[in-house]
Each structure stands twice: as structure tokens, then as C-alpha cells.
Amino acid sequence: MSKFKIKAFFAQLLALILAAPMIAWAGGGGGPFDAGTFSAIKVGLVVFAIFSAWLIKDKMGLPLPKLIQAPLLWIICYIGFRVILQPPIPFSLLAMYMGVCTVCIFLYCSLTRPSWEEFSHPIAVMLREDHATAKMSRYATFLIIPGLIAAQTYNQMLPKFGEPIELRTVHPAPPASINVHKKLVTLQTAENPFRIGDDGNYLKVGDEQKYFGGNAWTGDVPKFLQEVQQGGVVFFGTAGCFFCHGDNLDGKGPFSFAFNPIPANFADPGTISQLQETFVFWRVAKGGPDLSREAFPWASAMPPWEKHLTTNEIWKVIIFEYWHTGFFPRTWG
Amino acid sequence: MLNLSGEKKKKVGAWLLLSMIGMLVLLPFAPAVVMAAEEAAVEEAKEPEKAKDVFYKEEGEFGIVSGPPAGELVYPDDYGSYGDFQSRTIIWISNQQHLYFGSFVLAVPMFVWVMELIGILQYEKNPKVGKKFDDLAHEMMKISLTAYSVTAILGGILIFSFLALYPGFFRYLSGIFKPVMHIYALLFILESGVLYVYYYGWDSMNDGNGDWKWSHLSLGTILNAVGIVLMVMANTWVSFMMSPAGVDAEGRFLGDIWKVMHNPLMVPVVVHRILGNAAFGGGVVAAYASFKFLSAKTLEEKAHYDWMSYIAMFMGILALIPLPFAGYWLMREIYAYRQQMGITLMGGLLAWVFIMQATMIATLFITVNYYLFQAMGRMPGSERYYKYFKVLLAILVVATIAWLTPHTLVMTPAELKAMGGAQHPVVGNYGVMSAKNTAINTMITTTVVSFIIYQRSNFKLTVPWAWKGNIFLAMLILGAEVNILFLGVYGYFIPANVRIGLSVPQVASTLSVLFIGVAVNTKMLKGAESIGEIRWGKMSVRGAYALFMLAVAFTWTMAVMGYLRSSVRLHWHVNEILRDNSPWAFTNPLGYAGNINSLNVLLFWTMLLFVFWLSALAGAGKKKVEAEEAAAAAVGKAVPAGSH
Amino acid sequence: MAKKKGSGVIVVKVALWYITILSIFAAYTNWLPQIRGDAPEAAEAIDVSAITPEGLQEMGGMIIFGTDDPLGTLARGEGPIGKGQCPLCHRFFMEQKADRCPNLIALKTEPQLLLQVSEEERSHERVKEPRYEEFKKLHADGEKNSGHVPHAETGGQYLIESEYCPNCFVVEGFGLKGTNDTESPMPIINKPPILLVDTEIVAVVSFLQMRDDPTKWTAKDDWEAYFGKDLASEGGDEAPAEVKPAGPPVALGSETPEEIVTKMTCYACHKIPGISVAKTGAIGPLLIEGTNAPNRIKSPEYKAAMKAGTAHATTAREYIIESIMDPGAFIVPGFADDMMKDFKHKFTVSGLDVLVDHLIAQDEAAALADGLDRLANEKEGPIKKPEAKVETGEAFAKNQSKTNEMTIQVSNKKLIENSTFIGLN
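Protein chains in written order, with this note's numbering: chain A, 1 to 333; chain B, 1 to 644; chain C, 1 to 425.
It should be emphasised that the hints constitute simulated quantities derived from the structure, not laboratory data. Do not take every clue at face value.
[Claimed, not checked] Quick list of the computed label-pair ranges, beta carbon to beta carbon:
1) A/V46 - C/A27: 28 to 36 Å
2) B/K523 - A/N201: 51 to 59 Å
3) A/P303 - B/H182: 55 to 63 Å
4) C/S276 - A/D198: 55 to 63 Å
[Unchecked claim] Calculated cross-link-like contacts (lysine-lysine; reagent style DSS-like; alpha-carbon spacing at most 27 Å):
5) B/K125 - B/K526
6) B/K417 - A/K42
7) C/K298 - C/K83
8) C/K346 - A/K182
9) B/K128 - B/K538
10) B/K142 - B/K302
11) C/K263 - A/K182
12) A/K183 - C/K83
13) C/K216 - A/K307
14) C/K229 - C/K216
15) C/K263 - A/K307
16) A/K223 - A/K210
17) A/K42 - B/K390
18) A/K223 - A/K183
19) B/K302 - C/K13
20) A/K183 - C/K229
21) C/K13 - A/K182
22) C/K216 - A/K182
23) A/K307 - C/K346
24) A/K183 - A/K204
25) C/K144 - C/K263
26) B/K50 - B/K302
27) C/K341 - C/K298
28) A/K182 - C/K83
[To be verified] Residues of chain B placed beyond 12 Å of chain C at every Cβ, according to the derived structure:
29) P179
30) W202
31) V271
C-beta: ideal position from N, C-alpha, C; glycine also.
Using the sequences provided together with the hints, build the complete structure.
Structure below.
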């Protein structure tokens, strides 16, 4: 091992170690850069880290032993999911991801016979050999592992005052039918009465694409856009949905920060685009109070809009929401 | 035993046997005919009352009421219990055990049949290889035979549990299915008969690839046919409970048993089950072989079981690959039947069970790949490919992470706020169907690539167009993956009904890699120069443990999916017809289900391991033939007692 | 021996491996969120054949009062008013103020009144009155609003008929003013805005019948006899099908004044120019607030109310809003404090604006254009007075005397109606 190589090795290692707090800082949202630059920096750092690893390992012929690679990889994964991925993911998801990573890192170390030997040999030495180094590390290991378990147990038993974990089924199963304004709406079969094409017939889901991006507020617009327009009036006027769901339907209305959980973000592909129109109708008409049992803890500030809007207004505002976000309701046809 | 000489005699005997069995097959339908006649007579006698079918709305809107209404069950009159213990859990466990053994004895004859066929076909070319496959088939059959008697015993326990704990429900179900249940019982006798002839006639009917052998294979065909009919029948009961048809809204039978059996979810559930059983059977046999592999003392034995485990695993995977698509079809049918049911499964109450199922599927695919990597340890020349393993593994990890990301996240309110919504702007995208389809297709494609590498790992290509072939293969795999990814991303921008259509080209990409890729690869290997023979028996111990993992994952997946299928009825015995009025009508939380599932799997494997261990004991010290005879005799005594 | 041991060790190893995997799986399921799906309470089937008379009585009570403790609600100073809205006009309890329609006080709950006849008994009397025969003749071709021909034979049938067709028989003294007791102020109960379904109407009648004597329940049989069909077999073929989306009982800014007046049933009591349904109301003042409101706030009575701290309006607009939101703040002289007190819960701000805008725009001229005039008990006197005098003094005198006669008649009838119990102040 030449001196140059050792120097380079430590240089790269230092770079890696330095990268972590930089990434943390960038991810934390501070600094003089805008969001786009942040992302670029983050991606650049990740690429740099991988490149460094490749340089150290393959190019410079400084393979890290598997036993060191494994925890290093684990730490890199952890930094990736914990710090680089922004906004922060919940702990449950982090645990799930790290579980997958842990298993797969172990598999990586045992993929082939040589790599398994490389990985397990030091452990075997530590456990079996009788010379001083092995003995020392053996004692250390048998002190550290129970110590870690004890620390973990202590940590778990420690009384905590954090908020309880909240499980919300965001989209619980709807009832088969609901009664809105004394009319029975069967959610399986009901159709939006304002989904009308130019010919006055029912507009199939997907066919409304041709109206996307158009201006519904000019004078002479097709029937569908007229309904969109009226739905917009409900959204911004009659009902004032935008106070919570936001001008851009992104759930960031001026009141949104007062609510917990925060209002639904329609612009997210995980909300209305995953749901049937009738499901949305159910949620708008009945609001939080009518959430089913499985939607415990029923945390929703959504009012039952049937008390303030007519059936037609609800259907229209739904048309508007899909039109504005450019999503299509789910259908099973 | 049979001592016929001369070609003619053999032929006549073979045909005689076949026709006898053919008549046996018809036997169970006799009571059905009688019953139909009786029913017809009853119909004429009185003015029939007509009622509307709950499912078949258009065709034959009205049926003649021919059964009592389901009524309302009353606790405790219509339920039995052992104190406060959940009666349902007892039913659950006995049902699950019966199902495990049932699926196993259904799946093994399928393998045996394929193995035997391969053996016969190979006999001409290479009698030694033919014999190898034939012995393998015979050995598998032996395991199945023991399991068969256990199945029957467990079936008896199940029925007793039903009678003791759910008499009201069982009365209703048996009232509707009585003709089917009788045919079922009779078919079971037929199945036993065929099974014994098939197993005990193995050696005496073995004339390489002659008529006797073919007749024996035909017996296997009949055995499988009867087995599948049995499974379909039992399956109709279950799917009737999920999606009843052929009865009116009060649950009164409307006279047409076929409509009851052919309920909306019957066909997809049957298809899903058959594939699932086959995969499961493969897993169990692979585990058996691994066990024998680990406990084998001689290299010869080790080599045999190494090979056997590989074959069984291979068969299991063949059934596993179409399974997600069959499951997808089933899900679609469920949504078509009741949207509410679909959402309860996928997004509602049971959504977390699907996370568990996703975990199991990811485990299966990662394990299969890992096994293939380990298996390459016995292939000289595979070192060339070691460097690709970690890339494949990395792809699997990424796909797994996308595959496992749930749509609904568990989080504290503070985490919710920090994230800025119930959906994460980055990983939230993995929570939806497009991402899931992409991930699973990627995982399957990766597995196929691993297999292609496995196929060629101990060969040096000699065909002149090798480089062209390699480029073609690379383009095929890359193209398919790009297509899968592109369609997955594209799926976010189109309506759901179109998006569902996208899964077809995605699957087509995967399947084309599977079929075209493997075919081209096989073609390229023609006349390839071997770097060294496969060193059977030299697989790492980790590979064997991976196969155990595979088997457990199969078993556990079956358990969890069974729980799911059963739970989706919520508080109904028969969906929307017969309400569960017992105190256990609630749906158990996932943790409880997980505990029971683990218990079930453990129970099943304990029984199986015990059987394996016994056979290992018997194999030691004695001559092989003697051992087999002893085992066969023991089995022969046990079975008739248990099958009734 | 060694071999046996070998396979035994493998069994243990494999078993340990299995237990490890299974424990991980089980632990994972326990770590994932736990949701227990409880079975819903057995749904209350609204199957009329299955529901007990007591159940119907209870249901009827809920429809009438919207609570199972109407007296408690009254004690808190609120009106127990359910979706049937009956207590707006009918008096069910002594504590309640409502005398627009015949009282329905129970004997049992108010024993101190020594009421002579119960509603159940009285209903049987109604069909025997000679006036009932007259109504039969009058509506021989079907009553014009509901299409029913009066044909009740028993008291229970009469009660049912009154809900489907209030005009089929109008109790003397309770008809709309000027119709000589041929038109009832009561809305048709199975039509908007009340819109009860058949079962609910049977429940209300059950309530009335069983309130005093639970053995007198015949409501379901009466219904079936009256309509000549099975109650259960009939779903909503009459009621909901023809209903235009009526919307919730809340006045919205997006509605026209006409819609709001209809929804809020202002027309039951008030005449309002420019509103086609509000031409006959004879309980509250004529609503020409362009004229009335400015005068009212200047009136000494209003000043007195302001001093007393009940009224606070300083502009006409405020006055109108106050009158709707808090009707008790100021009572127009000559009228009773009869107006519903719950409008403050039924208006959106924009809805109120729409109505107030309309009311404030109405003046005497508008009333004249619509042919409306003040009631006799309004202090301001009829708008038409001068012209009427000039044109046909005789006709006016006749009119006037008729109105007076009517007023006297009405108060007499009320007296009779109320004097059936002793001890009334």
C-alpha cells in the first residue's frame, strides 16, 4: 500500500464524513439556496459519495473488508433515508426501509462463497482464536452487545411524553349507499350528473382530458367547462373550500395550518385520483362526522357539506377539483 | 404382484384398468341424478314460490324457492363455545391445517405427474436420467401419501369443530350444498382408490416407457383431475360465503345448485388457489429435499437431494410467477362484485394485511434470487458473474422499497406536519398502483435475469452468433425494463381505468423476458463448452436455509391471504345473507392474525418435520427397499381409518 | 448412532430457523398498526311489519320534537322541534306557545288540566261532524293541492288524511283567514319542505293515538284501510320521486328570495309582495319592510323595547335582521310572540342578505301591485283604505265587517278550543 493510496483513502473518507452534515444542513432547508439548488446539491453529494466509494474500492485497490463495508453501507442508507430524503419520512417508514436494508446488506455479504468467507472469517477468528487480539475483541463484543440491548431496553422503558402514534385510514371503505338530501345515492353505481360532453351525453372518464388546461372562465365554453366554472364558484365562493384546501388545491389554504391532520392535498396523486367520484361525493357530503368505524380516530375537520350545499353543487365542485388538478377519478369499468 | 406377459396382455390390462377407473369417476354423479329427479318430483307436486336471485339478476331473474331462509342466528343457541375462547380461532386453526395438508396432497401429484412424464420422455434418450426423474417422482409421492391420511384426519376434525362450534351456520351451508357435499365425500373415496393404485402400482407397472408406464401416468392424470374437482367443490363453499349467488335475499336456495357453485368469485378464487397450491407444494418438497440434503451423510445422497430441491424450487417458482397476475384478476373481480369489499381489502380495514402480504412476496422473490446466487456456488465458472449479483440485489432492494411503501403511513401528528400531508411528496408516489406494478414486474424480471445467468454459469458459449445473442438479450431485458418503468411513470398521468390497462403491456414485457429470454439463452447454450459439471451437493448451507425460508414464506403467505379472504366478509358468515351473531363477529387485529398464522405454520411444519425426520431415521441403517416397504405398510394401515 | 444424532441435530437447527422466521413475521404483524374491526350493531330494520307500536310511537315523538325529552328542552327555553315541525303551530304542552292550529295537548302529561277529550277521541268526533260531509262534497273531485278525496271513516284515518291532505277537513276557526275555514295553513306533510315518508306519518299518528292510551293504537291499520294497500309494500313512489332537489333547510346565498321563503315556510304566516307562494299568510304582519321597518324603529313601542334592552336596531336593515334572528326582540303591536325562534340557525349570512334585500325593497306600492294588504290587526291599517273608500265604500264596509266577524269568530273558536280545559289563565 503506497503512501499516496493511504492519503487518498483518508481524503475520501474525510469527504464522506464531511458530506453527511452538509447534506443534513441542505436537507434541513437552511442556507442561501432555493429548493431546486438544494436538490441539485443533494443529488451531487450522493453521486460524489458513490464515486468516492468506487474510487477507493476498485480504482485504488483499497477494498474495505466486508465486515466494515456492511455497517458503513447501513449508515449510508440511514443517512439517505433520514437526512437526504426530504421532507422527513415518518419513523414507521424509516424502520421498514432500514429493515429491508439490514436484511439485504446481510444478503450482500453472504452472496457468494468468497464474500461470505470474507465477512464471516473475522467473526470466526474473534470467536475461536486464542491470541490476545481475538480475546480482547471477544470480551469487548460480549460486553458491547449486552450493553446495547440494555441501553435499548432502558430507552424503551423510559417514560416518554411524545404524541401518540396516530393511525388514520385516510381512505376508509365507504358505505354502500348514503342518503343525501333525502335521496339515496348508491356509491357503487352513482354517476356525476354534470359529467356531460358536448353532445349532452355522459362523458366517459378520461374523455374530459380534452378540456384540461382550457379556460373555463371565458364567455362561450362547452357545457363541461360551464359545470367546471360553477364548481369553481362553489370552491372559491359558496363553500369556500379554498380556505383549507388551498388556491391550488394543494391543501395549503390559509387555514390549513390550524388543522391536524392538515387538509387533503388534491394535487397529490394519492388522493382524489385514487378514488371514485362517488367516494369523493361521500366525503364532501358527509364530512368528518360520517367517517366509518375503521377510520378511527375520525380526525377530520371536514364539515358535512350537505348541510350547506345542494347535491348539484357538490357534484359540480367535484368536477372542478378533477378538472383543476388534471386527475381522473378512479373507475372500475 | 401383477404378472402379465406379452405385449397384448399388457395392453388389454392397461385399458381394462383405465375403463374401470373411468366408470369410478362417473359413480359420484349417480346420487346427483337421483336427487335431481327427486327435486323435479317435488317441484311438480306443489305450487312453486318464486324469488329473486341475489346475484344472477338478468338471466332467470326468478328461481323456485327450494330451501329455508338463512334466518337470524342466535347466540348462544346456534353457537358452541369453550368458555370465552374464540370459537373462531379453533375453526381457523383446524381449517388452516386441513387446508395445508389438502393443498399439499393436491399439489404433489401435479409435480409427480410432471416428473413422471419427464422420466418417461427421457427414458428413450438416457435411461439413467429417466430413472432419476422417476425415482424423484416416486419419492415425492411417498411424502404425499403420509400427508394424505393426515389430510383426512384433519378434515374430520374440521367437520367436528364446525358441528360443535358453529352448528347453525353449518346447518344452513350443508342445507344448500348437500348434493355437492355427498359427491365430495364419494369423490374422496375415488381419490383414495386411485391414489393407492397409483402409489402401490408404481414399481409393478414400471416398464420404462411402455404401455404399463403410460397407463400409470394416466392414473396420475385421473388422480390430478379428481383432486382438482375436489378442490373446486370445497372452494365453491368458501366463495359462496364471500359472494353468494343462487339464493334469494333471505338466503333461500333457488333450486339451481350450479348457480350457487358458480358464484361471482368462484372462478378467480379457484385459479388463484390452484396456482397457489402448486407454488406451495413446490416449496414444501424443496424444504423436504433441503432437509434431506442437510442431514445426508454421503456426497451421493447430498447430490441427489440438492438436485431434488432445485427441481422442486423451480416448479414452485413456475407457479409463483403467474400468481400475482391471478391475484390481480381476483382483486378486480372483488371490486366488480362489491367496491366496498375491495376498499376494505386494499385501502380500508385490511389494508395493513396487504402490507404483510407485500412483505411476504418481496421475501419470496429476494429468497429465490438469493437461492439462485447460492446455487451458482456449485457451478464451476460462475465466478465470472459474481460481480453482477450485487447489482441485481441492489435492483431488488429498490424495487422492494417501492413495493413495500404503504399508501397510508403510520405517524405521529408531528411527523404528519413535518411531512406536509398524509402523502409524502417523494415516497408517497410509491404508495399507488402504478409503482406497485412496476416494482413487482421489476422483481420478476430480475429473477428471470438471475435464472438466465444461472443457466449459463458453467458454460462457455460456442455458437458463432453468441455476441449477437448477448446483445439481443441485453436489449430485450433493458427494453423490457425501460418499458416497465416508462409505463409505471406514465400511469400517474392517466385515468385509473386506462391505468389498469397499462398493467397488460407491463406484464407482457416481463413475460417476454421470461419466455423469449430463456428460450434464446437455451438456444445459445446449445453445444456450449462446459467449464465443469455441476457439482451437485456442493451448494452452500445458506442455500438450503434459503429454501426453508422460501417454504415458510409460501406457507405464511397462504395463511395471511386466507385470513384476508375470510376477514373481508367482516361480520357475515355468508356475505349479506347470514350474519355472524356470535361474540366473535369482529375482525381480529393484524397482530392476533399474525400470531395465529405463525402458530399454524409452526404446527404444520412441526408435523412435516417430524415426518421427514422419521423417514431419515428409517433410511439409516436399513436397506432402502425395506424401509420403503415398512413405510408403505404403516401408511396403508393408517389411511383407511382416517379417510372417513 | 452417529447418523441418527446427525439428523436430530438438523431437525433442531431447522426448527430453530423456522421459529426465528415465524417470530419475525409475527413480531412484524404486531408492530404494524392494529385495527380491530368491530361488527356494527345489528341494524334497526325499518320494516314496518316488524316494528312495534311502541317503536312507532317513539319514532313519531322524535319526528315531532326532535328529542326524546321535549319538556326538558322547553324548560331550557328552546323549542323542541323535530323534522316534522309540528310544534310550530300545534300546542303539545302547556309550556309551549302555539295556537295557530288545534292544540294536541295530552291528557296524561297534563292531568291537572282535566282535559275532557283526548286527540284520539276527538279525531273520531271529527269524521262524524256534519262539516266533514260538506268537505267531502267540496273536494269530491279531489282536493286541488294533494289530489285526495276526503274519505276517512275512523278517527285514525282522519288523522292520516289530515297529514296527506290538510285541506280535506279544516277545524272550524283554524282555516286561513278569508277562506271561511276551507283552507288550512298546514303544509302537506309528505311533500316538501316537511317531506315525511309514509312510515314516518304512521309513526306520528301512532304517537298521537298512544300518547294518552296505548291501547288505542290503530295507525297502521288505518293507513292501510285509508289507502287500500300494504304499508310496507309501498316505498317512496309518491314522496321522494317528484321532489326537486329541495336542498337542506338552510337559506343559502345562492338561492332566490322565493326559494328561501319557501324553504323557511315564511309564507305560512306572512304575506310578502313579489313572492308567489306568500299570498295568504294571515298570522304575521304583511312584510313590506321598505315602509314598515323605518316606521317601526321610530315607534314609541320600539323605543320602549330598546330601553328595556331587548331591541337594538338603529337602521331599517338592522331591524329586519333582528326580527328574523331574534323575533322576540320586538313584537309588532297587535301580534303575539309567535314567530319561530330558530331562524338564527337556519340562515347563512349571504342567505339572510338575500332575504333582507328582498324585504327591504318591498313597500306599499309593491303590496298593492300584488294585490296584498295588511291584516286587520295591524295598527297601520289597510293600505287600500283611501282608494277603497273612494271606489266602493259599501264593498269595503262589507269586507271590513266580514273581517271583523272573522276575527271575532276566530277568537271565539280559540276560546272554545281552549276552554275545554279549566284553569287556563
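Hints violated by the structure (numbers, ascending): 4, 7, 13, 21, 22, 26
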